[in-house]
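Could you put together the complete structure from these sequences and hints?
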Amino acid sequence: MIQIIIKETKEFLRDKSNIFFFFIFPVMLVFLLGNLLANLDKAEEVIGEVRIHYGIEGISDIDFVTVKEFIKGLEDRKNFFFNETDDIASSIDLATDGGIDAVVLFKNDPMEIQIYEGTNRIKNRTVNSIMNGFTQLNKAVDIIIKNNKQALIDQPNYESDYIMHKDLGIKRTMLDYYAITMMTMMCFMSIMIGAICFMGERQEKTIIRLRIAPISRVKLFFGKILGLLPQTLLQILILMVFSSLLFGAHYALYLFDNIHLFFMFTVISFTMISLGAVYGLYIDVNPMAGILPVLWLMMFFSGTYSKEIVIEGLSKYLPIYQVQEAAFDLTIFGRHQKANTVIIVCLIISLAALVFGAMGFLRKEEK
Amino acid sequence: MSYVAVENLVKKYGDITAVDHLSFTVSKGEIFGLLGPNGAGKSTTLNIITTLTDFDKGKVTVDGLDIREHKAEIKRLIGMVPQDIAIYDHLNALENVKFFASLYGYGKSDLTRNAMEALEFVGLSDKIKVKPKQMSGGMRRRLNIACGIAHKPKLIVLDEPTVGVDAQSREHILNSIRLLRDRGATVIYTSHYMQEVEQICDSIAIIDKGQLIACGTETELVSMVTDVQTVFIKTKIPINFEKETFEKKIKLMPGVKGISEEDSVIKLDISVEQNNIGHIIQEFINFGLPIISIKSELPSLDTLFLTLTGRELR
Numbered sequence: 001m002i003q004i005i006i007k008e009t010k011e012f013l014r015d016k017s018n019i020f021f022f023f024i025f026p027v028m029l030v031f032l033l034g035n036l037l038a039n040l041d042k043a044e045e046v047i048g049e050v051r052i053h054y055g056i057e058g059i060s061d062i063d064f065v066t067v068k069e070f071i072k073g074l075e076d077r078k079n080f081f082f083n084e085t086d087d088i089a090s091s092i093d094l095a096t097d098g099g100i101d102a103v104v105l106f107k108n109d110p111m112e113i114q115i116y117e118g119t120n121r122i123k124n125r126t127v128n129s130i131m132n133g134f135t136q137l138n139k140a141v142d143i144i145i146k147n148n149k150q151a152l153i154d155q156p157n158y159e160s161d162y163i164m165h166k167d168l169g170i171k172r173t174m175l176d177y178y179a180i181t182m183m184t185m186m187c188f189m190s191i192m193i194g195a196i197c198f199m200g201e202r203q204e205k206t207i208i209r210l211r212i213a214p215i216s217r218v219k220l221f222f223g224k225i226l227g228l229l230p231q232t233l234l235q236i237l238i239l240m241v242f243s244s245l246l247f248g249a250h251y252a253l254y255l256f257d258n259i260h261l262f263f264m265f266t267v268i269s270f271t272m273i274s275l276g277a278v279y280g281l282y283i284d285v286n287p288m289a290g291i292l293p294v295l296w297l298m299m300f301f302s303g304t305y306s307k308e309i310v311i312e313g314l315s316k317y318l319p320i321y322q323v324q325e326a327a328f329d330l331t332i333f334g335r336h337q338k339a340n341t342v343i344i345v346c347l348i349i350s351l352a353a354l355v356f357g358a359m360g361f362l363r364k365e366e367k
Numbered sequence: 001m002s003y004v005a006v007e008n009l010v011k012k013y014g015d016i017t018a019v020d021h022l023s024f025t026v027s028k029g030e031i032f033g034l035l036g037p038n039g040a041g042k043s044t045t046l047n048i049i050t051t052l053t054d055f056d057k058g059k060v061t062v063d064g065l066d067i068r069e070h071k072a073e074i075k076r077l078i079g080m081v082p083q084d085i086a087i088y089d090h091l092n093a094l095e096n097v098k099f100f101a102s103l104y105g106y107g108k109s110d111l112t113r114n115a116m117e118a119l120e121f122v123g124l125s126d127k128i129k130v131k132p133k134q135m136s137g138g139m140r141r142r143l144n145i146a147c148g149i150a151h152k153p154k155l156i157v158l159d160e161p162t163v164g165v166d167a168q169s170r171e172h173i174l175n176s177i178r179l180l181r182d183r184g185a186t187v188i189y190t191s192h193y194m195q196e197v198e199q200i201c202d203s204i205a206i207i208d209k210g211q212l213i214a215c216g217t218e219t220e221l222v223s224m225v226t227d228v229q230t231v232f233i234k235t236k237i238p239i240n241f242e243k244e245t246f247e248k249k250i251k252l253m254p255g256v257k258g259i260s261e262e263d264s265v266i267k268l269d270i271s272v273e274q275n276n277i278g279h280i281i282q283e284f285i286n287f288g289l290p291i292i293s294i295k296s297e298l299p300s301l302d303t304l305f306l307t308l309t310g311r312e313l314r
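Chains A and B, in that order, give the protein sequences.
Under UniProt numbering, the residues of the first sequence are numbered 1 to 367, in order.
Under UniProt numbering, the residues of the second sequence are numbered 1 to 314, in order.
No lab work stands behind these hints, which were simulated from the structure alone.
Below, in silico cross-link-like pairs of lysine-lysine (DSSO-like), each with a Cα-Cα straight-line distance of 27 Å or less:
id, chain 1, residue 1, chain 2, residue 2
1, B, 152, A, 219
2, B, 295, B, 236
3, A, 219, B, 108
4, B, 209, A, 205
5, B, 152, A, 10
Have a look at this one:
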């Protein structure tokens, strides 16, 4: 089996087109997409100053105090500027013309909040998020007051105790985004290597010699599959190392997280190779026609090429999207849960594919 | 003593019967030619003998071992040289031969030695570092053979090993096959080049539509379709030669089927069984006809093959 693994690796590394498509091309894509599309796909938006006019009409005394405290807290952050107004209509006109960014009206008892949006999409999102946060907090405080008023008195510094600020530690760019998505792309593309590995032996007619040899077909099947793994590991390693060292792409902050990421992508590649081998054994359609279009579509709608192309209700069900999410969770936030789930699911799929593939290879006859 | 025995072999692909109650034996240490038109069932038969394909009915033994019961042992005895060149383009000659020999469980030192011997045998010992892409068609063919014999098989199956090679390479390949036989290997050989088969095969089987049509040595096969051989006697005809009397006398001799003359060459059709050539030559002398040369011709294997399998295109 070792001889087969060595042979596979030698063959792969000596094919110049493989070197380009599997090693150089993905690294180039990270660089090209990361730089050329940086202006289209911004990883971070600068919100800038947000100017809000607000009005207060008929709210309770407690709500009044809460609103005032909330506004004061935001003003302390130095980029939110609130002005109280009695002339809501004029303020709305001003927001429509872009003179201010939003108008917020706090009214009635129980309190209702009306937001009149301005012209800037990002600032509108910001105002909505903040007011949504305020509403949730207000509701929570209401519930506590109704059930256990003493809790608020006993925990005066609840905000500092319960809200933790986490510094990401790295200034993220689009290079980081594409380093992950290109890695995901290459791992999923491993299905093609798996699909053509037996097709290649058949085309070169060497499959006959392999099958005549006194080596069990199961060993042969596993040898071929395992023989494809070193080149995939090399491919992941090269992409990680070169995109970081040459272009300054960032993965995770800590070494352990990066090892976890590498392991996750290795397992995904192995799964894809196994699935490809099953395809190659059972389906007689050229994988370029049978697999590649599906893969491209999946990648397209998973935000692999642009993070803006994500379809609500579809993308999150695509495996590529899920893998990218797991990778981002790991690299940006240091969270391992999704990555672990991906690894477990992939191992189960690999096992099933290997059993299914070995059975098929065992039964297949040369005509 | 038969080394390979095929008895009542049947192989079907759906409704198509590729091999239909086929039986033949291959003696130990002989070169056995398996002939047949395209689609006759040659490849299926070879695939069955080499354990690549299972069969529906019948029995196949190699070296006395039943192919179904002793598949693993039989695999070790067989070396296959497929019709299509089955080598890896990205590995050099030595790496190719070593890889295929390694599948037979050889250790590192044995592997290199056997691979070198095989390459030397096919005349490629000076090309060990050359990749197949840089080789000529004939060299690739010879490498294809080396890959099939490096593990020193006792039964070598060669499926059209000389397709598309130049005269020198062909001669080298045919001599190598003879040498393999002389070293004790049993060879099953298929080819569409009848001349090659005539040249190297000790016995021949012709199959068509999955059935055995004829089997035996070349002479035995020829005698199956005709008992007439043609003898050409070149002479110098004197001025006073009594042609009619001479021809009448010869025709009356037992075994003579016909006589004709053209440009001082007398053509005689005579029975293979009642070969009367000695008496015929005596009559030439009696009539004062000097014998310059004698040439005898049996129908060629080509003619025999076409007679047995038909001339229509398939």
